[in-house]
Amino acid sequence: MAKNKKKSTSTGYIFAAILVTIMYILNTLLVESIYRNNTNTSRTTQQATRALNMINSQLAEVNKNTVGLAANLFDNPLEIISDTERFYANINAAEKQFESVEGLSDAASNRFQYAKQVIATFRTRLESLGTSQVESGDQNSMSETLKQDLYPLQVTASEMITATIAIVGKDTGVLQRQNAIKAYILMTLMLVIWLVSMLAIWLFARRAKKARAELEEREMRLAEVDAKLKNTRQKASDLAVTNVLTGMKNRYALDNDISDRLETGRFQIAVFDMDNFRSINDTYGYDFGDEYLAAVAEKLKEEFGDVAEIYNITGNEFCFVFNKNISESQAVGIAQNIQRVMSSPFEVLNLNVQLPCSGAVYHYLPGDCLNVNSLLVKLDTAMRNAKMNGGNMINNVMNM
Amino acid sequence: MNRNKKKSVFRSFAACALSVAVLLSGGCGQKGQQQQQQGGTIYVIAKQQLSFWDDVKKGAEAAGRELGYDIVYDAATNDNDYASQIASIQRAVRDKAKAIVIAPNSQTDLNEALQKAAEAGLKVISINSDIQQDSMNPISLSLINSSDRNGGVSAARNAAKGWRDKGKNLDEIGKVAIIGHTASTAQDRIEGFTDTLKRSIGNTMGVQFPEANPYAAMMGGGDAAAYGGDDAAAYGGDAAAAEGDAAAGEEAQEPELTDAEREAMAKDQEKEAADERIRKNIEKNFIIGNQCSDREQAKAEAKNIIASNENISIMFGTNTVTTLGICDAINELGISGKILVVGFNSDEEELNYIRSGILYGVVVQNPYVMGYVGVKFAADLIGGTQVTHHLDTGVTFVTANNMNDEFVQLILYPEAVNK
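Protein sequences, first through last, are from chains A and B.
Residue numbers are given in the working numbering: position 172 of the first sequence equals residue 172, and the series is strictly consecutive.
Residue numbers are given in the working numbering: position 345 of the second sequence equals residue 345, and the series is strictly consecutive.
Treat each hint with caution, since some may be false.
[As the list claims (entries may be wrong)] With the C-beta cut set under 7 Å, the calculated list includes, among others, these residues of chain A facing chain B: (1) S10; (2) A107; (3) Q117; (4) P152; (5) V155; (6) T156; (7) E159; (8) A163; (9) A166; (10) I167; (11) K170; (12) N231.
[Stated by the list, open to error] Covered, in the sense of this in silico footprint (three residues per stretch, anywhere, with C-beta under 8 Å from a C-beta of chain A), are these stretches of chain B: (13) 66-78; (14) 82-96; (15) 284-298; (16) 368-376; (17) 387-397.
In case anyone wonders, no lab produced these hints; they're calculated from the structure.
Glycine included, every Cβ here is placed at the ideal spot set by N, Cα and C.
Please build the complete structure, drawing on both the sequences and the hints.
Next comes the structure, spelled out in structure tokens:
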């Protein structure tokens, strides 16, 4: 299930990424197209309007000349006619320029064609009627021609040209509006991208936060388990090295503690046990014996815990590893105190019990023993000798 | 849970997409609506349902389409029907139209309705003919037409040209018969025709006719037609008065003249008397028939004139039905080619008569441009641009020779060329 979930999340992100990419591309294209359109529009409008204004102004010039001819204003009418030719050349050039402008609407082109037709007719009439009349100098017929044949055409042409300008202007408006719509779409897309990004960030953040919380929780649980495990292990190891009854370290602990010191160490060690402890068990029962031992151990810890490490190595046998600063003679003195304490009376279950004890003290020198067993054998042998000699005494282990 | 989460992600995306779609469609919708009503509505109210007004409609609609206005086109039932035009004006005001382009069927009866429209903020433009109004404070801000007098003049000039093209002199012209139609425009056309033709004939015979409208000639076209019609008569009157003053001045100086001068003056007077006789003769040759309102009536009138007058050289019809009536008569009498016929307007049947040679030519206006410029001026005014008081769209004389010229085709079939 976890795997499946992961897969679906990444699909979502890929989907979002593709969407955003597509939108960015769209945006780029839109910006590009808006820019290009704007440039094209202004260029088209400019060119078209310039051409149209040129035509209009030149038409006005032609008309001015024609009116002047009709009113007999000029000294050399033929020169004026040649001027008119030049104006027409300008008009023709402007017409070509307008027609070469790309991106004009059909309406503008149609209207322009109409204007062009009118201008062409204007010119034909001016040439066929005007020139002959100018040459013949018939003012009357010339003014009639002007009034009836030429003037209306000129104003019609002019109106058609200004209409074309208006249409070009309107087309520009339409194109600009299209661009505005594009810009609107662009902004909307950007907004969407922003929203999608925000959504993605929000989703991602939410997911990350959740994951972190989960991790923390797991770590905490792990730490808990770890602590429990440590505790258990501690307990287990404690049990391994502790005498359950007296709570003192046992034989294994002793082994662990001094094995390393045998080869190079120099220390005072002693063992004690009750003489004839079995009689207690036999007389009062094992429970009483246990209580008695516990009481002795408690007393020993209290009295000698400071000067020695005390081990309860078998049932009623206690081993004392004296601290390093205890000298040989001090050890003997302490041993006598130990004997005194152990053989003093103890109150157990409202009974006063007193048993004599024997012990052995060993001034251990480096390399005396190969292992803890042989060390204990030496001590036990010395202690047994003491018991065999009547007990209630301390024997020294002789150095060989 | 996994599925739910996936769903919720998709739901978020879907929500985003949807909101974008809504935003976009909302935006587009607004834009679309704007585009449709961009400029507003312009009412175009025509005189009647004839091919001439169809072309006005085409021009108006082209301008509306190209300049971004909705066009509502109304046509009255006939050219005296001003009541339905008033209804159209009132409808335009109710519809909150921006402008009215009207060809008024009455010079005065529409003023009240138009005044109200103008007060409601609508721009009023006249086409084809104007209303009578205070020129200092006009209701209609511009007039777009072609001068009826100039139409008549064009008919006369071209009739003369057609006559000369037959290889005959103008003094060989016999009788000239004119059949007018019933609307107000007929009189100006007839005057323009007769004045010009008389003068042309007079010129070849060495006599001058007084200039009927010297101001119009002096203006050289410009605003000439603005002074057309009744105003022209007023200027004519002034001119006559000025001549009178000049004559009075001459008389005052009479006592100081020498004998030679007296002799010369006597000769002048003699010549003047002779000229006057010639003028009278020329004028006598002009027959003005009864005004006719339909084709049958015009045909009957034409037959009547032809039967009661020998030596008729030229006939002139002042509108479509009179022109067709004359042609019908000549066609039925089988005297094609004997009489040179000139007419008005470009009905398809008239064009057919031109092709068959019965009709020499017709004066055509440019109704398409009238409609177009009418709407364009309205659009200019709506946009705050001032326009000229009067624009003359001119006339063109169409004969079998120039019928296929591009420009003539443009006038006869505006949409066909414009498409």
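The hints, checked one at a time:
no. : hint    : verdict
1   : S10     : violated, 11 Å
2   : A107    : holds, 4 Å
3   : Q117    : holds, 5 Å
4   : P152    : holds, 2 Å
5   : V155    : holds, 6 Å
6   : T156    : holds, 5 Å
7   : E159    : holds, 5 Å
8   : A163    : holds, 5 Å
9   : A166    : holds, 6 Å
10  : I167    : holds, 5 Å
11  : K170    : holds, 6 Å
12  : N231    : violated, 37 Å
13  : 66-78   : holds (count 3)
14  : 82-96   : violated (count 0)
15  : 284-298 : violated (count 0)
16  : 368-376 : holds (count 4)
17  : 387-397 : holds (count 5)
Violated hints, listed in ascending order, are 1, 12, 14, 15; each of the other numbered hints is respected by the structure.
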